[in-house]
Amino acid sequence: MNTRLLVATVAVALLAVTAGCLGGGISDEQLDEEAEYDWETEEDVVIDIYEPGGFISDTEYRAVYNVSGQDRLTLYQRGITTDSPVQIRAVQYRSADGEFINGSDLDVDYGDDSTVIHLPDDEEGQLAFTSSTQSKQLSQPAYVSGSYRVILPEGYAASDFLIGHISPRSGESQEIDGRTHIVWDSVSSSLSVQFYLERNQYIFWGSVAVFSLVALGGYVYWKRQIEAIQEKREEMGLNVEQPDEFDDDEPPPGMG
1 MNTRLLVATV
11 AVALLAVTAG
21 CLGGGISDEQ
31 LDEEAEYDWE
41 TEEDVVIDIY
51 EPGGFISDTE
61 YRAVYNVSGQ
71 DRLTLYQRGI
81 TTDSPVQIRA
91 VQYRSADGEF
101 INGSDLDVDY
111 GDDSTVIHLP
121 DDEEGQLAFT
131 SSTQSKQLSQ
141 PAYVSGSYRV
151 ILPEGYAASD
161 FLIGHISPRS
171 GESQEIDGRT
181 HIVWDSVSSS
191 LSVQFYLERN
201 QYIFWGSVAV
211 FSLVALGGYV
221 YWKRQIEAIQ
231 EKREEMGLNV
241 EQPDEFDDDE
251 PPPGMG
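Mapping of the sequence shown onto UniProt numbering: residues 1 to 256, in sequence order.
Fair warning: there could be bad hints in the mix.
Label-pair ranges, simulated between beta-carbon atoms [claimed, not checked]:
(1) Glu36 with Tyr219: 18 to 26 Å
(2) Ile56 with Asp107: 33 to 41 Å
(3) Gln230 with Gly54: 32 to 40 Å
(4) Glu124 with Glu33: 22 to 30 Å
(5) Asp113 with Ala215: 23 to 31 Å
(6) Phe161 with Asp107: 37 to 45 Å
(7) Ala215 with Ser68: 52 to 60 Å
(8) Ser192 with Glu231: 23 to 31 Å
(9) Thr81 with Leu162: 43 to 51 Å
(10) Ser192 with Asp112: 37 to 45 Å
(11) Ala215 with Gly111: 24 to 32 Å
(12) Ser57 with Phe161: 39 to 47 Å
(13) Asp32 with Gly79: 26 to 34 Å
Quick caveat, the hints were computed from the structure, so don't treat them as lab data.
These numbers were taken from a predicted model, which means no experiment stands behind them.
Here a beta-carbon is modelled for each residue, glycine too, at the ideal position from N, C-alpha and C.
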């Protein structure tokens, strides 16, 4: 009996350890994945959305942050009741003198509610990583306060007030080399961009126009039918109001 209890205890412990290893975290292979980043940026943060995502695939983006004067960068996504960590890969750090450090050589903590990247003791530097988010949108806190640039995939836009969204609203859209760039001079709380394929904008508004014409045509047809029925009733005398015997100005009999 004791042997069975011991075996069961060991099995549960192994299961817990295995679940902990497989249930989360970021491996060195993920941290050291290859990726090309544009380090020559004017803004403090540049987020390049290179895969828009689809019905069953996420949006993929590369981000470069100016982390000068910081000892860590904390990444998280806000939820309804709690925050969640950001799954990152292809992490690189670039010092002011151009030296690169791979992600596996940095101290990266993947916790229950955030991913914390501990930075080298440099006064100036940039941190880059690749990650994913929900399809056709980017919504995240401002991990670094400052100027931001978000680059949409080719053929995509976000300015339509019904099917797109840009927050903060101060973001300025620019067309550069066939791609839409959204630039903010300053972001300190959060940013959100919901984008769409430009040709879908024409399809959407074309559908709205067709629906409006059909609705207008239906209204005109219905109104004409009602008028035709009223005319026919009048021809048949059904709509002719019978005068009330007391409708004239004379008083009723016996009251004059």
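So, going through the hints one by one against the coordinates:
Between glutamate 36 and tyrosine 219 the beta carbon distance is about 57 Å. The supplied range of 18 to 26 Å is therefore violated. The given range of 33 to 41 Å is respected by isoleucine 56 and aspartate 107, whose C-beta atoms sit roughly 34 Å from each other. Between glutamine 230 and glycine 54, the C-beta spacing of about 54 Å breaks the proposed range 32 to 40 Å. Between glutamate 124 and glutamate 33 the CB atoms are about 25 Å apart, so this pair conforms to the stated range of 22 to 30 Å.
Checking the proposed 23 to 31 Å range against aspartate 113 and alanine 215 shows it is violated: the Cβ atoms sit about 49 Å from each other. One distance hint, 37 to 45 Å for the beta-carbon pair phenylalanine 161 and aspartate 107, holds here, with the actual separation near 44 Å. Between alanine 215 and serine 68 the C-beta distance comes to about 57 Å, which sits within the given range of 52 to 60 Å. About 57 Å separates the C-beta atoms of serine 192 and glutamate 231, a value inconsistent with the hinted range of 23 to 31 Å.
With their beta carbons about 30 Å apart, threonine 81 and leucine 162 fall outside the hinted range of 43 to 51 Å. The hinted range of 37 to 45 Å is not satisfied by serine 192 and aspartate 112, whose Cβ atoms lie roughly 24 Å apart. For the hinted restraint 24 to 32 Å between alanine 215 and glycine 111, the CB-CB distance of approximately 53 Å leaves it violated. Against the hinted window of 39 to 47 Å, the Cβ-Cβ separation of serine 57 and phenylalanine 161 comes to about 26 Å, which falls outside the hint.
Our hint of 26 to 34 Å for aspartate 32 and glycine 79 holds, since their Cβ atoms are close to 29 Å apart.
In this structure, the earlier hints numbered 1, 3, 5, 8, 9, 10, 11, 12 are contradicted, and the remaining ones agree with it.
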